[in-house]
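Line by line, the protein sequences give chains U and E.
All residue numbers for the first sequence refer to my numbering, where the first residue is 1 and numbers rise by one.
All residue numbers for the second sequence refer to my numbering, where the first residue is 1 and numbers rise by one.
Don't read these hints as lab results, they were simulated from the structure.
Treat the hints loosely; a few may be bogus.
What the hints assert, rightly or not - Calculated lysine to any residue pairs in the SDA-like style (CA-CA distance at most 20 Å, straight line):
hint: 1; chain 1: E; residue 1: K107; chain 2: E; residue 2: F157
hint: 2; chain 1: E; residue 1: K107; chain 2: U; residue 2: H91
hint: 3; chain 1: E; residue 1: K107; chain 2: U; residue 2: I104
hint: 4; chain 1: E; residue 1: K107; chain 2: U; residue 2: K18
hint: 5; chain 1: E; residue 1: K89; chain 2: U; residue 2: I104
hint: 6; chain 1: E; residue 1: K89; chain 2: U; residue 2: H91
hint: 7; chain 1: E; residue 1: K107; chain 2: U; residue 2: T238
hint: 8; chain 1: E; residue 1: K107; chain 2: U; residue 2: Q95
hint: 9; chain 1: U; residue 1: K18; chain 2: E; residue 2: D131
To be verified - With the C-beta cut set under 7 Å, the calculated list includes, among others, these residues of chain E facing chain U:
hint: 10; residue: S29
hint: 11; residue: L33
hint: 12; residue: S34
hint: 13; residue: A74
hint: 14; residue: G75
hint: 15; residue: N77
hint: 16; residue: F78
hint: 17; residue: A79
hint: 18; residue: E80
hint: 19; residue: S95
hint: 20; residue: R99
hint: 21; residue: K107
hint: 22; residue: E108
Cβ coordinates follow ideal geometry from the N, Cα and C atoms, glycine included.
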Amino acid sequence: MSNKGARVSNKGARASNKPINTLSLYFQREWQLMFRNTSSLIQPLVFFVIIALLFPFSLPAEGELLQRIGGGVIWVSAVLATMLSLESMFHSDYQDGTLEQMLIHPRSLSLAMLGKALAHWTATGLILTLFSPVLCVTFNIPNEQIWVLFAGLLLGTPSLSLIGAIGAALTVTLRRGGVLIAIVILPLYIPILIFGAGMLTQSAQGLEVASQLYALAAILALSITLAPFAIAGALRVTIN
Amino acid sequence: MQTIHGIAKLCSLQNSLADYLMPSSKVISIKDLSCTRGDNQLFDAVNFSVGLGQCLHVTGPNGCGKTSLLRLIAGINFAEHGEISWNSKDTANNSDFHRECAYIAHKEGLKNELTSIENLRYYQQLDSGVDEVALDDILDKMGILKCADLLAQQLSFGQRRRLSFARLLIADFTLWILDEPFTGIDTSGRNLIESLCVEHLENDGMIIMTHHQSLVDSPLNQYRSELTLGHA
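Just chain E, with the same shape it has in the complex (with noise of 0.2 Å):
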């Protein structure tokens, strides 16, 4: 029994060695995973997984479920059939996963009430992220310092769309699931962002996105692998 209780614990010291020797081993994948609304299957069998530095591309023409599956990733929605895990661990509760894991979608999770930086504010709190003073920072590099006093209700569209991105740098996470990115925010706003997932990849993160556009012309594209749902 205790050679038994021995050899378990050796497999996990070296399990825990070889995360820290290898941070490279992070990788999220899914398996069999399926999703219905009501009658309507969605999507069936579909299987894939996310390493460092890469991004992967979720497309599909309406309805057909990429904001399902990025929800269903995300820990928002159960699965009812198959499986994701990260670092083949289940993602369900699992904490260390939701630590490292950031999820921006139409719904920005703004309060209109509050200004810009208070509402970044709110996040760095609950992240326990960078300091205070980065904040302003981070505004600036989303090109919208200005308004960092400016309740969010007084925000345009795309102003608020960069604020919400402005949450991905508070802390350091390592996936980014990203449901269109791009909409409502116009050509500075998208190279910014653009520049900012490929900084991102570099720095051993990873991405999944859906996009309806091709990103064959984005500087996205050489990390980038596609996943196509439905009968497109």
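Excised from the complex, chain U in its bound form (with noise of 0.2 Å):
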């Protein structure tokens, strides 16, 4: 009978299971296992830096051009970098068994999707827009320009990484999955990439940018929401 009793304290223990301590600890986790695997740390970052400078290199050697569309090029490296980064995302986990025993816990699979997503995104998207002031400098972007940028890409690189897992989701059990990434998701990237690129040439006309990034965060608040139940809902259909 004591027995008995050990087990129904023990249930009352594990009930508490809190939104927010799911969400760390899938974040927490994700963190630990890149420190681990640090190539999944540097290679979309050092992806991002070369493809952005194989522009200056293709390109006549005109300042005012390079200037005009080096915004544009870090978005659309940006945008390959992170989608780089998206066909690993769940493919260890769904190797390994990971991913069945998360689909089976009592834990909401939506916000370990989360804590997932915004942990690929601290380890590629903010990266990229930490470093993208550097890029900046070599395109020869004027000081009030690397701003706007850099809030374009703070805004809207949390989208694509949150988006992009509805994409590594659906093709999670594919052998080669991510040319069918690239297909399914760089579509839905384009508003993104419209408002984030926009934004730049407003502000070389001296215009206003707050509705772009306005746009850019109504984009955030509606991925942060919705994207975790599509990608819970991707993963069940797809390991069924």
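Take each chain as given, in its own frame, and dock them per the hints.
Written as structure tokens, this is what we have:
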């Protein structure tokens, strides 16, 4: 009978699955794994820098041209670098069975996915954003526009990770899902790209950029609230 | 209207009272379950129920759907036909069920980049199970305490299996779903897992397992009922 008592009390302790605990637990775990496997931290940044630097080499050496297209180039590089890192987002979890355990765990799968996507953003999008001013200098972009680009990337890249995770979830069981992720997800990135790069054109003409910032913020609010459910739903369907 | 409400309230009170007084009422029951993979029907109209202290041994030839059955019960795959219920409630999206159910399969759910103890700690935090100190005891019980600080990728296959079984002891799961638990494990490991299973069943647990060999000589035999899938 004493054994039964222990059972019941133990269950009571386990019932306290607070949402914030679930979120931080998965976030911390992702970071713990990324620190053990530092290539996943470095690769997107290196890829981002190399793609962006290919343009000055391939275009005529007119200072003004680079200045005009620099912002757009940095945005496209950020999108491609995020894209590259998406394929591995669920791959190892799927291979080693962790994903199956997440699916059947009583903790919310959507929150777990939000934690994972946010960790993915801090490891890719946030690092790229922090590094972007350096690239701006190489493109000779004026100082005030550097801040515009920085703010745009800061608001836009989390949406890239969250929306991209849906594509990663849909293709997790495929052996070479990378190309498919690009086909599925890149069209969805277009609005973010339009507003993000549009901001720079506006600010170069001395116009207000607040409306584009609001639009990026709105997309972010939508993707933070809806994408986790879409990721969880996509995983349940693909693993089935 | 109020009377109906009152009666319904009374009924639910009675139910919860019954649950409290008779914990043995826990049962998982499967009705008319079938499973198809593509055009291939693996099994059809499977019916059984498992109560506390019982072990269901699923047998059958390769490809008859043993693993698929376990995945359906665990909730990884969806059942197209038939129902799976835990205490007469559907198991789909039933967190009460998932809180009491542990599923151990070929894919161990271990991270190569983490050490044994870190892998175990992850599940301990997820399940809010036993406290930190007990993790060492669990590793000791599974005979892999000396590997506590080794990365999971440095462990042998058998040691990884033992580590994945350590998960069962972290929290108080009622239902263990074990897919070929004795694969890749040595004799002492097999004895260990069998004794854990017996202990679990003695403590009013329940087990659903697949194993391709006979369990007649196993200490599990006295708790065991057998379900044969396919045309064996």
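Against the structure, the hints come out as follows:
no.: 1; hint: E/K107 / E/F157; in the structure: holds, 11 Å
no.: 2; hint: E/K107 / U/H91; in the structure: holds, 13 Å
no.: 3; hint: E/K107 / U/I104; in the structure: holds, 14 Å
no.: 4; hint: E/K107 / U/K18; in the structure: violated, 28 Å
no.: 5; hint: E/K89 / U/I104; in the structure: holds, 16 Å
no.: 6; hint: E/K89 / U/H91; in the structure: violated, 34 Å
no.: 7; hint: E/K107 / U/T238; in the structure: holds, 17 Å
no.: 8; hint: E/K107 / U/Q95; in the structure: holds, 7 Å
no.: 9; hint: U/K18 / E/D131; in the structure: holds, 18 Å
no.: 10; hint: S29; in the structure: violated, 19 Å
no.: 11; hint: L33; in the structure: violated, 15 Å
no.: 12; hint: S34; in the structure: violated, 15 Å
no.: 13; hint: A74; in the structure: holds, 5 Å
no.: 14; hint: G75; in the structure: holds, 5 Å
no.: 15; hint: N77; in the structure: holds, 5 Å
no.: 16; hint: F78; in the structure: holds, 6 Å
no.: 17; hint: A79; in the structure: violated, 10 Å
no.: 18; hint: E80; in the structure: violated, 10 Å
no.: 19; hint: S95; in the structure: holds, 4 Å
no.: 20; hint: R99; in the structure: holds, 5 Å
no.: 21; hint: K107; in the structure: holds, 3 Å
no.: 22; hint: E108; in the structure: holds, 6 Å
Hints 4, 6, 10, 11, 12, 17 and 18 from the list above are not met by this structure, while the remaining hints are.
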